[in-house]
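*Asks:* Going line by line, the protein sequences match chains A and S.
My numbering numbers the first residue of the first sequence as 4 and each following residue consecutively.
My numbering numbers the first residue of the second sequence as 543 and each following residue consecutively.
Hints were generated in silico from the structure; no laboratory data involved.
Watch out, some of these pointers could steer you wrong.
Said to hold, decoys possible - Simulated restraints, written as ranges between beta carbons of each label pair:
{"id": "1", "chain 1": "S", "residue 1": "S574", "chain 2": "A", "residue 2": "N106", "range": "25 to 31 Å"}
{"id": "2", "chain 1": "A", "residue 1": "I366", "chain 2": "S", "residue 2": "E548", "range": "54 to 60 Å"}
{"id": "3", "chain 1": "A", "residue 1": "I366", "chain 2": "S", "residue 2": "T696", "range": "55 to 61 Å"}
Unchecked claim - Negatives, chain S to chain A, calculated, CB over 12 Å:
{"id": "4", "residue": "K602"}
{"id": "5", "residue": "A606"}
{"id": "6", "residue": "R629"}
{"id": "7", "residue": "R655"}
{"id": "8", "residue": "R677"}
{"id": "9", "residue": "T678"}
{"id": "10", "residue": "D680"}
{"id": "11", "residue": "E687"}
{"id": "12", "residue": "K688"}
{"id": "13", "residue": "Y700"}
To be verified - Once the Cα atoms are required to be at most 30 Å apart in a straight line, the calculated DSBU-like pairs of lysine-lysine come out as:
{"id": "14", "chain 1": "A", "residue 1": "K50", "chain 2": "S", "residue 2": "K584"}
{"id": "15", "chain 1": "A", "residue 1": "K78", "chain 2": "S", "residue 2": "K637"}
{"id": "16", "chain 1": "A", "residue 1": "K289", "chain 2": "S", "residue 2": "K592"}
{"id": "17", "chain 1": "S", "residue 1": "K580", "chain 2": "A", "residue 2": "K55"}
{"id": "18", "chain 1": "A", "residue 1": "K160", "chain 2": "S", "residue 2": "K579"}
{"id": "19", "chain 1": "S", "residue 1": "K592", "chain 2": "A", "residue 2": "K164"}
{"id": "20", "chain 1": "A", "residue 1": "K379", "chain 2": "S", "residue 2": "K602"}
{"id": "21", "chain 1": "A", "residue 1": "K406", "chain 2": "S", "residue 2": "K637"}
{"id": "22", "chain 1": "A", "residue 1": "K55", "chain 2": "A", "residue 2": "K176"}
{"id": "23", "chain 1": "S", "residue 1": "K579", "chain 2": "A", "residue 2": "K299"}
For every residue, glycine included, the Cβ atom is placed at its ideal position computed from N, Cα and C.
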Amino acid sequence: MGMTITEKILAAHAGKDKVSPGETIWVDVDVLMTHDVCGPGTISIFKEQFGKNAKVFDREKVVIIPDHYIFTADKHANRNIDILREFVSEQDLPYYYDVGTENYKGVCHIALAQEGHNRPGEVLFGTDSHTCTSGAFGMFSTGIGNTDAAFILGTGKLWVKVPESMQFEFTGKFPDYIMAKDVILQVIGDIGVDGATYRTMEWTGEAIMNLPMEERMTLCNMAIEGGGKNAVIAADEVTFEYVKKRTNKPYNTYQSDQDAKYYFKKTYDASTMEPVVAKPHSPDNKALVKECSDIKIDRSYIGSCTGGKYTDFLAAAKLLNGKKVAVSTFIVPATTEVYNDLKNKTMDGKTLLNIFKDAGCEIGDASCAACLGGPKDTFGRTHGTEVVVSTTNRNFPGRMGSKQSEVYLASPYTAAASALTGRITDPREMLS
Amino acid sequence: MKKFIEGKAYVLGNDIDTDQIIPAEHLVYSLSDPEEKKNYGKFALSGVPKNAAGLPDGSKSFIAEGKFESEYTIIVGGKNFGCGSSREHAPACLKIAGIQAIVASSYARIFYRNSVDGGFFIPFEIQDQLVNDTRTGDNLIIDVEKESLTNKTTGKSYKLNSLGEVIEIIRAGNIFEYARQSGLI
Ligand code: SF4
Chain A
4 MGMTITEKIL AAHAGKDKVS PGETIWVDVD VLMTHDVCGP GTISIFKEQF
54 GKNAKVFDRE KVVIIPDHYI FTADKHANRN IDILREFVSE QDLPYYYDVG
104 TENYKGVCHI ALAQEGHNRP GEVLFGTDSH TCTSGAFGMF STGIGNTDAA
154 FILGTGKLWV KVPESMQFEF TGKFPDYIMA KDVILQVIGD IGVDGATYRT
204 MEWTGEAIMN LPMEERMTLC NMAIEGGGKN AVIAADEVTF EYVKKRTNKP
254 YNTYQSDQDA KYYFKKTYDA STMEPVVAKP HSPDNKALVK ECSDIKIDRS
304 YIGSCTGGKY TDFLAAAKLL NGKKVAVSTF IVPATTEVYN DLKNKTMDGK
354 TLLNIFKDAG CEIGDASCAA CLGGPKDTFG RTHGTEVVVS TTNRNFPGRM
404 GSKQSEVYLA SPYTAAASAL TGRITDPREM LS
Chain S
543 MKKFIEGKAY VLGNDIDTDQ IIPAEHLVYS LSDPEEKKNY GKFALSGVPK
593 NAAGLPDGSK SFIAEGKFES EYTIIVGGKN FGCGSSREHA PACLKIAGIQ
643 AIVASSYARI FYRNSVDGGF FIPFEIQDQL VNDTRTGDNL IIDVEKESLT
693 NKTTGKSYKL NSLGEVIEII RAGNIFEYAR QSGLI
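For reference, chain A alone in the conformation it holds in the complex (with noise of 0.2 Å):
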């Protein structure tokens, strides 16, 4: 019997030949990422735990990037910040992004896969439940809470039942108005929110692997919103490229054997997609965007690490372009890189930047946001009824601040398309 990738990976780094589903095994860990939120707590239960002295169990191979409540004048949420600082200088750690420097990044998924810590084969853990976007780089990535990292912060290791694994396989093209967040919201709205708990999603298929690396860590983004414990890509060409422009540290790949065993496996005609919305307040929700087109919007929001990404930013402006926005537009670049891309690149002659600009579009700076709430002084945070249309991957009650407020979750397309009209629009509307 064959294993897939994520089977494979995760025997490497326990030093097995081979693994099955179900099994506990120990797992010697390459990147462990923490943020401002779980960074302080983190760091906190690793000194109770391993003594006020204790070192890192490998400076190389922790990475810190504050990204969550960054902006913002609450006290307790600058003072996470001061917490991480110091453990940066007194562990003297060299991958730490900081805020208010020149070397600050922004959202942490994202700034991981920009900065290359995102490598092929190797074994990423993160307090941050969407870790699993590394998945798109054909490794084994998932978030964990502050316990198992301050245990990795002191050991370099940390348990793990291997998973079964998912497949979704989709074939064909898909057409040009179909984007990576239509593609997880349909396969979300088919499985359930719990559809995939415990398990890994494996995306293949012609229609996959011809997606860029932003949309592929669209797609393993929010793995974790159908409870899946990990999403992989395996990597190829285009990963490669990727990656030897951001690092040249060595790695392995691994693919999924023929005869690989799957707890469920399923096939999607690509060109059959359709633009869709996860409705309030559930992302396996799942609507046709065409279907809600009589829904007033108050507001749309453009960001996060699911969609705040260069590729849904050129989506949006290519709608936006030379048009004004009919509700409140917020723009908000997952890192700074992503902000240089929207200042730097241009559409016909303008910047992406000036073209959201002229719109009418709100621009805030690189970070999560409202993505999720957060202090009452975030840009672009809900607090009352508004009725949103948001790019971002969670529409929990609450979770962008109000729980009076509605998010409808769509791709960058649909969002931009609805903030021209001021309605749930499909994109087919204006894409011709």
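Given chain A, work out where chain S with the ligand should sit, using these hints.
*Replies:* Positioned in the frame of chain A, the structure of chain S with the ligand alone reads:
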């Protein structure tokens, strides 16, 4: 590890996510400062919509006004309990509020891991429709070794799913104690 866990039940539905357990805006308090930490008890489950708070009737506060601890000891939940973010503040706040066990049909995996590895409380799974049989305020008793639960209010007894290998971490207290006892660190 306690042999028996006894107390009042607080009943919740399916897909209770971490934003309902502890809304993101409260994540700023320190978990290591004893005074500040209490706030997590105060805001535990404060994101649950009113009609879903304390089933089947709803509108039952988990934490009484002005209090930091709950009168309830055991949470009874539906499927996919603890879905959403990886924040350990979620199991932590429930423990700070006084929760000693959760009995749910299934869990989101990060929440489950956090509960066990951090030694916050025991996350039991159950096949039966306990969540439909139980009313908020019922008196429950869990026999931890026998992996069974009795509702003293209704007199009904239930079998809990076996905790499997994680029982060893629960017995040890948390992942650190487990690793020490088994010579890993
Ligand atoms: S952008 Fe949103 S989902 Fe992504 S890491 Fe930040 S808060 Fe989490």
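*Asks:* Now tell me if each hint is right for this structure.
*Replies:* Status of the hints after comparison with the structure:
no.	hint	in the structure
1	S:S574 / A:N106: 25 to 31 Å	holds (27 Å)
2	A:I366 / S:E548: 54 to 60 Å	holds (56 Å)
3	A:I366 / S:T696: 55 to 61 Å	holds (58 Å)
4	K602	holds (17 Å)
5	A606	holds (20 Å)
6	R629	violated (7 Å)
7	R655	violated (6 Å)
8	R677	holds (24 Å)
9	T678	holds (20 Å)
10	D680	holds (26 Å)
11	E687	holds (22 Å)
12	K688	holds (24 Å)
13	Y700	holds (21 Å)
14	A:K50 / S:K584	holds (26 Å)
15	A:K78 / S:K637	holds (25 Å)
16	A:K289 / S:K592	holds (25 Å)
17	S:K580 / A:K55	holds (24 Å)
18	A:K160 / S:K579	holds (29 Å)
19	S:K592 / A:K164	violated (36 Å)
20	A:K379 / S:K602	holds (27 Å)
21	A:K406 / S:K637	holds (24 Å)
22	A:K55 / A:K176	violated (56 Å)
23	S:K579 / A:K299	violated (41 Å)
Violated hints for the displayed structure, listed by number in ascending order: 6, 7, 19, 22 and 23.
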